[in-house]
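S.K.: First residue of the sequence shown? That's 1 in the UniProt record's numbering, and the numbers climb one at a time after it.
Keep in mind that the hints were calculated from the coordinates and are not lab data. Incorrect hints may have been included.
What the hints assert, rightly or not - As a list, the in silico SDA-like pairs of lysine to any residue whose alpha-carbon atoms are at most 25 Å apart: (1) Lys99 / Leu121; (2) Lys556 / His191; (3) Lys406 / Ser372; (4) Lys69 / Leu11; (5) Lys69 / Pro472; (6) Lys406 / Met376; (7) Lys406 / Gly394; (8) Lys99 / Met376; (9) Lys406 / His486; (10) Lys69 / Pro642; (11) Lys556 / Lys406; (12) Lys556 / Asp650; (13) Lys99 / His191.
Said to hold, decoys possible - Computed spacing ranges between beta-carbons, pair by pair: (14) Leu107 / Gly71: 39 to 47 Å; (15) His490 / Arg103: 27 to 35 Å; (16) Gly348 / Asp668: 38 to 46 Å.
A virtual CB, placed ideally from N, CA and C, is assigned to each residue, including glycine.
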Amino acid sequence: MNLEAALGQALPNLTVSASPVDRIAYARDLWPRHHLAVSEGRIADHRPGVVVWPNTTEDVASVVRFCAKEGIPLVPFGAGSGVCGGVLPDERTVVLDLKRLDRVRRLDAEAGVLDVEAGALGIRLEEDLNAAGHTLGHFPSSILCSTVGGWVAARSAGQCSGLYGKIEDMVASLECVVGEGEIVRFDRRLHGPDATPLLIGSEGVLGVITSARLRLHAAPAARAFGAFSFPSVEAGWEAMRQMFQSGIRPAVARLYDVFDSFIARLGSVRRRKHAGPKKTLEERGEGAGFGAAVLRRILRRPGVLNRIVDAAPSDWLGGATLILVFEGQAAQSEADFARAKQIALASGARDLGEGPARHWLSHRYSVSYRQSPVFMAGAFSDTMEVAAPWSRLGELYRAVREALGKNVFVMAHLSHAYPDGCSIYFTFAGSAPTPAAMQSVYDWTWRTALDAAIGAGGTLSHHHGVGRSKAPRLGAELGRGIDVVHALRHVLDPRGIMNPGNLLPRDPPERRPVPPPPPSPTLDRASLLVHASGEATLADVETLLARSGLTLGLGKGAPDLAATTVDAWLSRGAPGAPDPWLDPADHLVAGFTARLRSGVEFEVRPSPRRAVGPDLFALFFGMNGRAGVIRSAHLRAHSRDPLTRPRPLDARLERNPPLGQAEAAWIDRMAEAASRVD
1 MNLEAALGQA
11 LPNLTVSASP
21 VDRIAYARDL
31 WPRHHLAVSE
41 GRIADHRPGV
51 VVWPNTTEDV
61 ASVVRFCAKE
71 GIPLVPFGAG
81 SGVCGGVLPD
91 ERTVVLDLKR
101 LDRVRRLDAE
111 AGVLDVEAGA
121 LGIRLEEDLN
131 AAGHTLGHFP
141 SSILCSTVGG
151 WVAARSAGQC
161 SGLYGKIEDM
171 VASLECVVGE
181 GEIVRFDRRL
191 HGPDATPLLI
201 GSEGVLGVIT
211 SARLRLHAAP
221 AARAFGAFSF
231 PSVEAGWEAM
241 RQMFQSGIRP
251 AVARLYDVFD
261 SFIARLGSVR
271 RRKHAGPKKT
281 LEERGEGAGF
291 GAAVLRRILR
301 RPGVLNRIVD
311 AAPSDWLGGA
321 TLILVFEGQA
331 AQSEADFARA
341 KQIALASGAR
351 DLGEGPARHW
361 LSHRYSVSYR
371 QSPVFMAGAF
381 SDTMEVAAPW
391 SRLGELYRAV
401 REALGKNVFV
411 MAHLSHAYPD
421 GCSIYFTFAG
431 SAPTPAAMQS
441 VYDWTWRTAL
451 DAAIGAGGTL
461 SHHHGVGRSK
471 APRLGAELGR
481 GIDVVHALRH
491 VLDPRGIMNP
501 GNLLPRDPPE
511 RRPVPPPPPS
521 PTLDRASLLV
531 HASGEATLAD
541 VETLLARSGL
551 TLGLGKGAPD
561 LAATTVDAWL
571 SRGAPGAPDP
581 WLDPADHLVA
591 GFTARLRSGV
601 EFEVRPSPRR
611 AVGPDLFALF
621 FGMNGRAGVI
631 RSAHLRAHSR
641 DPLTRPRPLD
651 ARLERNPPLG
661 QAEAAWIDRM
671 AEAASRVD
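Model the full assembly from the supplied sequences, consistent with the hints where possible.
M.R.: In structure tokens form, the structure reads like this:
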């Protein structure tokens, strides 16, 4: 019996298809490397066996049970907009399309939460919320073609992350179906235990996300817009650092490097010049292939073009452009913008007025449709989003740009800033004489750029996820942390059916040495991060910070500082720490080293945010040492000046929901499995 017939017989109430059209449609996501394969006619290589459309969570559980029993690989599918190769099935694979699970189960305006199923399409959900006076505040560029489940699975970021945070800052609860068909709900807790970070970013390898409880906000009553030109990109990001560390929270803060800004201005001029009816190539007297040929020729010698751009004085190209958008109540938005403007002008910026920011907002999703013409012209393009603390940002920018620039033309912008660091979003394009040669250039470019990011102390992904694109180098970033993810998978997917081949590298993780804890706390002043041993007391940390006018910002519920170590404090859920629901752009711990109960140690290096699989810190935060101990942590420091405290967002949702027996049992199983990694 073939797979379609077997599924149809076992689950007669579900829609199942093995039609050639459906199998081709679900054979891939939007990983640009796939586009190169398509250009050679190789899309048929990865067609799934069947596609299934469940209608309820119970349907999903039935499909998972069937696949677990038969040992059949299962790939969850949202809208297919991922760009990292998270979908790559074969003829034995069942693709589970969740778009029929698109219902809003509950909208509680009083509590400020929304229960929505994983298949809900982003733009439709946001439009419905806006009509009712609400917003999620989550606006990825792919919002027209991405789903809630996809956002959660990839640890995505939206364009307004400066105010609302990333998706992990919005999740209050998750419903999942794990590897043998069990339906499990995990709740976020202010002081732990909290397993939601272990499912967020798991990219389908730990289970199927079927619904999420997300935080709601009132739709903004007003916006304030501004744009500034800086003499260099470094001057621009220094102004961004000062803004975020001064407590300013622009919803949008996007800094375009000099050439990216130059290209944007050219496009704006071209649009104004040709504002009339569009003409075809033939009407303009151009040969259809002329532009493509020129593009291919330029991109086959990208090093020359990159060197010309690097050598050109910044003022010749017009400088780096910072776009700012504030939203909320009118008076608040205007006041916040006035403070940001003061910082920008004091940093040597030139005021460009509202126009560029308003133009950006009206075209905010257009970037999602710019790749196809490049591939049609016989070239390729892609994007790479990395992140680092402010103190490492310059090294990260230069190292990755240099690595990319050897084989492709590269531009960059900084689009997600936080008090302790920022992400850099590189856009690059290249070409080669044949599809095979292009694939070789493409693969080599990614390898060298990922190695450069790791070498510069950055994270490999800020918000796109890992997929198969970055999986080969994930072990270099997480080390033995990869083994911990495998241990979690053995608990949540004991049959190994969940999206096999995705996220986790095939090769064993690199057993790089884990740095020892610092003998005494040290301060990264630029990033406002204090690195402390797990055995240091909170009083030790506060003593160091006080010398620089800083503090951990502990309040009500804080323990005896002299008698409490950093590890003990974190293992109890950091009582007294600032409430992350009030300032989602901030966080408590940027990086850490840990020792499992088995004696295995691993390191997660500091980064303002990341999207490199599950957040393994959840195994230690509020867990009372069940998995192991924190050997050292990079903690966020705050200014003692009350004027630098950000305006708190309204947050009425429950902070510490009760822990039920079923959820507690799953958490215990995960902690126990992680603790035994050897």
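S.K.: Look at each hint and say if it fits the structure.
M.R.: Consistency of the hints with the structure:
1. Lys99 / Leu121: Judged against 25 Å, a Cα distance of about 8 Å means the pair holds.
2. Lys556 / His191: Holds, at roughly 13 Å.
3. Lys406 / Ser372: holds (23 Å)
4. Lys69 / Leu11: holds (14 Å)
5. Lys69 / Pro472: Distance of about 30 Å is beyond 25 Å: violated.
6. Lys406 / Met376: Holds, because 23 Å separates the two Cα atoms, which is no more than 25 Å.
7. Lys406 / Gly394: holds (19 Å)
8. Lys99 / Met376: violated (30 Å)
9. Lys406 / His486: Roughly 35 Å between the alpha carbons, so the hint for Lys406 and His486 is violated.
10. Lys69 / Pro642: violated (59 Å)
11. Lys556 / Lys406: violated (53 Å)
12. Lys556 / Asp650: holds (19 Å)
13. Lys99 / His191: Measuring from Cα to Cα gives roughly 34 Å; hence the hint is violated.
14. Leu107 / Gly71: 39 to 47 Å: Given a distance of about 40 Å, which is inside 39 to 47 Å, the answer is holds.
15. His490 / Arg103: 27 to 35 Å: holds (33 Å)
16. Gly348 / Asp668: 38 to 46 Å: For Gly348 and Asp668 the Cβ distance comes to about 56 Å; the hint is violated.
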